[in-house]
Amino acid sequence: SQKIEQNSEALNIQEGKTATLTCNYTNYSPAYLQWYRQDPGRGPVFLLLIRENEKEKRKERLKVTFDTTLKQSLFHITASQPADSATYLCRGGGNEKLTFGTGTRLTIIP
Amino acid sequence: DVKVTQSSRYLVKRTGEKVFLECVQDMDHENMFWYRQDPGLGLRLIYFSYDVKMKEKGDIPEGYSVSREKKERFSLILESASTNQTSMYLCASSTLILAGGGDNTQYFGPGTRLTVL
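Those protein sequences? They're chains A and B, same order as listed. Residue numbers 1 to 110, in the working numbering, belong to the letters of the first sequence in order. Residue numbers 1 to 117, in the working numbering, belong to the letters of the second sequence in order.
This is chain B alone, in the form it adopts within the complex:
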């Protein structure tokens, strides 16, 4: 079974703190993703990575950065946490898209509920 783990289920931080959210997958997937999920807004893509040290911005990258030094690990960094970053953060991984018939099912971690006070 594919397993995606996230470092914390619940996290409480103060405004201005630097926050690290870590995600690890054990299926040798090339792609990894960070989303945030808020009521009424659905899943919004923050960043994704298609290879080690490679990253692309999603829909809402402002206030976030990412790091992928190893294939299995993708970190989300909040340089200076703000209250509007209080949210559920979900990490996912998938295989690289293959031509003609491939698909890239996303496998999600359990999520980290971050509260910024």
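If we strip away everything but chain A, and leave its shape as in the complex, we get:
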């Protein structure tokens, strides 16, 4: 069956370092992948989209890559700050019933 998976449930990173989160997909070829941020007690908020024909996308301190060979997207936050602490979710496009990965809870340690 089609799956979107985020292998790390939690990740702790020292402030100032780069945080890297992973999203893998199986039995599925998404036309694009999206990344969302979710703060406790709130709904997810869209951050970035990358299409299958794009290798990399950047927005300020955020960078997303899409590797169709590895069937994987990486989400990077450079120069991480405590305010970046949140849960990050990935989602594959093109199938409305294919929902989100379970998310990675990122904690930036001062």
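Calculated from the structure, these hints are not laboratory results. Just so it is clear, the structure is predicted and the values come from calculations on it, not from any experiment. Just so you know, nobody snuck in bad clues.
With beta-carbon atoms standing in for the labels, derived distance ranges:
1) A/Arg61 to B/Pro39: 25 to 31 Å
2) A/Pro110 to B/Ile77: 44 to 50 Å
3) B/Phe20 to A/Arg58: 39 to 45 Å
4) A/Ala83 to B/Thr15: 37 to 43 Å
5) A/Gly94 to B/Glu17: 34 to 40 Å
6) B/Ser67 to A/Gly41: 25 to 31 Å
7) B/Ile60 to A/Gly41: 18 to 24 Å
8) A/Glu54 to B/Thr83: 41 to 47 Å
9) A/Gly41 to B/Thr83: 17 to 23 Å
10) A/Lys55 to B/Phe20: 45 to 51 Å
11) B/Leu41 to A/Ala31: 23 to 29 Å
Positions of the beta carbon are idealized from the N, C-alpha and C atoms, including for glycine.
Model the placement of chain B on the given structure of chain A, informed by the hints.
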């Protein structure tokens, strides 16, 4: 700015009660979704609707029904609430997928934390 609102932030109900959760979006989006979110299980799709009066089951529709009488409003109904339906419920909306280059970013409401006693 897209706005998705949900009728309540917190709700406490008793087992067996009928529960209505309402969601309204102001961006004229065709698609609307209901999810529940539980620790360790992530977001799970209950139902979605791609047009007025149209609906499709998601991964966990059992014990739930939905209603979409108007484009901007999507209601989730728990016919007879049970304790295992205690959860955070999130509503979202998105545009219809367009061919060749469209995307369907989902815009979420703030969520309703439902407790069933």
